[in-house]
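S.K.: Below, each chain spelled out in residue letters.
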Amino acid sequence: MSTRVFKVWRGDSAGGKFVDYQVDVQEGMVVLDAIHQIQRQHAPDLACRWNCKAAKCGSCSAEINGKPRLMCKTRLDGLPVDQSVNVAPMKSFPLIRDLVTDISWNYTVNKKIPPFTPGADATFLMRQRDVDRVQEFRKCIECFLCQDVCHVLREHDLKPQFFGPRFLVRVASLEMHPMDTLDRLKLLKDEGGVGLCNITKCCTEVCPEEIHITDNAIIPLKERVVDKYYDPLRIVLRVLMGTGQDGGAAEK
Amino acid sequence: MAESVSILEHKGFGVTQRRDNWWIKPLLVFIGLSAFGVYSTWAAWQGDNFLFTGHGAYYLSPFYSPQVQLWFGLHLPFSFAFLILWIPLGFRATCYYYRKTYYRAFFADPAACAVGEPKHRHYHGERKFPFILQNIHRYFFYLATIVLLFLWYDAARAFFFRSAAGHLHFGVGVGSLVMLINVMALSGFSFGCNSLRHLVGGKLDCFSCSRTARARYKIWGKVSILNLRHAEWAWVSLFSVGLTDLYIRLCAMGTLPDVRLFIIK
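Same order as they appear, the protein sequences are chains A and B.
Residue numbering for the first sequence follows numbering that gives the first Met the number 0, beginning at 0 and increasing consecutively.
Residue numbering for the second sequence follows numbering that gives the first Met the number 0, beginning at 0 and increasing consecutively.
If you're looking for bench data, these hints aren't it; they were derived computationally from the structure.
Be aware that a few hints might be false.
Residues on chain A that point at chain B, a partial pick, calculated with CB under 10 Å [said to hold, decoys possible]:
#1 Asp76
#2 Arg132
#3 Leu157
#4 Asp179
#5 Arg183
#6 Leu186
#7 Glu190
#8 Arg223
Okay, derived cross-link-like pairs now, DSS-like style, lysine-lysine, Cα gap no bigger than 25 Å in a straight line [claimed, not checked]:
#9 A:Lys188 - B:Lys202
#10 B:Lys99 - B:Lys10
#11 B:Lys127 - A:Lys188
C-beta atoms are modelled at their ideal positions from N, C-alpha and C, and glycine is treated no differently.
Here chain A stands alone, though its shape is the one from the complex (with noise of 0.2 Å):
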């Protein structure tokens, strides 16, 4: 048994610093179970939001030197182990304590898209390659890790104007549903800022369920946006055909 030196940040809204803290480390430990020592043996007080340590609730998101990830599926093998570990809370949303940081802003946002809404004559009888895409985003665990490193919010703050990634996602799980109705590129483009991603894709790297979020979510959902609103031919063929701008929602 060896053992190692996590930094982990203490603190509050006030301000912190990082603690040092020595981890007896034991073959398959991840960081959440160093933590959890670090809780029994030296600050029972410290502040940390976990739950199944399985990698499917998304609570124990953190930055694990200076990376967005869940502790619980971060082992300490592939740490480089000539280092501490730094254990820090995501930067993107305010703090609360310690390693715990306040995420009601994401669902504040989640309220805002409308849900599901099918058809009067939806049937559900449905083929797997139409539910195929939209099964991939149903796999999101809300950890908001995509949310804490993408740019626009993390960097630019730009929360009022973007939903980021996660809800990103969630649009495109209802937009290309084969029973949906609704439209919400209106929505898309203008509240949430889908124009602000200039798609680098950090959410894509640190989703832990490995969700294609700008492949299979974002660009896809841009494209829909240019149909609507930025394809010039499109825009005059509709102009000629009076069709408005509606004549340019995805097609069922």
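Position chain B relative to chain A; hints supplied.
M.R.: Below, chain B without anything else, positioned relative to chain A:
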């Protein structure tokens, strides 16, 4: 030992708690794209040595195809390559993958994930000029596909060699293979395009609701396979197109002999 109290709030270019060499990838991209930009501009500026016809060959540089100045009898004060190159340049500049690379490597917006950015007064993403023009990527795809058809013709033409009597004979030279590999790489890049993926089937909500939708689903699946490796195709095709021009240029200058593998007479 405790660190700075305000480190979590600190912002600025390069500020990060990451310990890996996050700067290597954007630096390599910066060097790679800059090198290609410098070479392609220089090659387009030259206006000569773009066609190799030695020993009956017909190798035309992809930077100079199609030869539009011959169609219209143009006499331009500048190299006619510039009449063509804006199309592949526009296609690549508005490509979703390249956008990611140059936003990271040239604008540091962000340089890497969870790394601080230079101070921006106002960030507009792709909602205002000039970046709102990224939305016409599909039109560059249409134009680039037309250019690609000419490059396929050129690649096919490179397998036929003219004899002294004026007859065309099938054969294979190193240049033929170079041009074929190049056009295959360009096709792999073009037909994995995100806009194409949307247009052929991605825009559908139901893949099973009609015979057309089912056919489009199959095409969408094929484009998706290429799209999964769009980044790799982007780099391979970027280097292949530059190297193809270089090969033909060196042959045309007499610096490099084109090895003829065989000719069927």
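S.K.: Each hint needs a verdict: does it hold in this structure or not?
M.R.: So, going through the hints one by one against the coordinates:
1. With 10 Å as the threshold, the beta carbon of A:Asp76 stays out of range of chain B, its nearest partner Cβ sitting at about 16 Å, so the hint is violated.
2. Given the 10 Å rule on beta carbons, the hint for A:Arg132 holds: about 9 Å separates it from the nearest Cβ of chain B.
3. Annotation: interface hint on A:Leu157 holds; nearest CB of chain B at approximately 7 Å, less than 10 Å.
4. Restraint check, A:Asp179 versus chain B: the minimum CB separation of about 7 Å is within 10 Å; hint holds.
5. A hinted interface residue such as A:Arg183 counts as satisfied when its beta carbon comes closer than 10 Å to some beta carbon of chain B; here the least separation is about 12 Å, so the hint is violated.
6. The interface hint given for A:Leu186 is broken, as the beta carbon of that residue sits about 15 Å from the closest beta carbon of chain B, more than 10 Å.
7. For the restraint placing A:Glu190 at the interface with chain B, the shortest Cβ-Cβ distance is roughly 13 Å, beyond the 10 Å limit, so the hint is violated.
8. The beta carbon of A:Arg223 comes within 6 Å of a beta carbon in chain B, closer than 10 Å, and the hint placing it at the interface holds.
9. Distance hint between A:Lys188 and B:Lys202 is fulfilled; the C-alpha atoms sit about 16 Å from each other, no more than 25 Å.
10. Between the alpha carbons of B:Lys99 and B:Lys10 the distance comes to roughly 22 Å, so the proposed pair stays at or under 25 Å and holds.
11. Between B:Lys127 and A:Lys188 the alpha-carbon distance is near 13 Å, which keeps this suggested pair within the 25 Å criterion.
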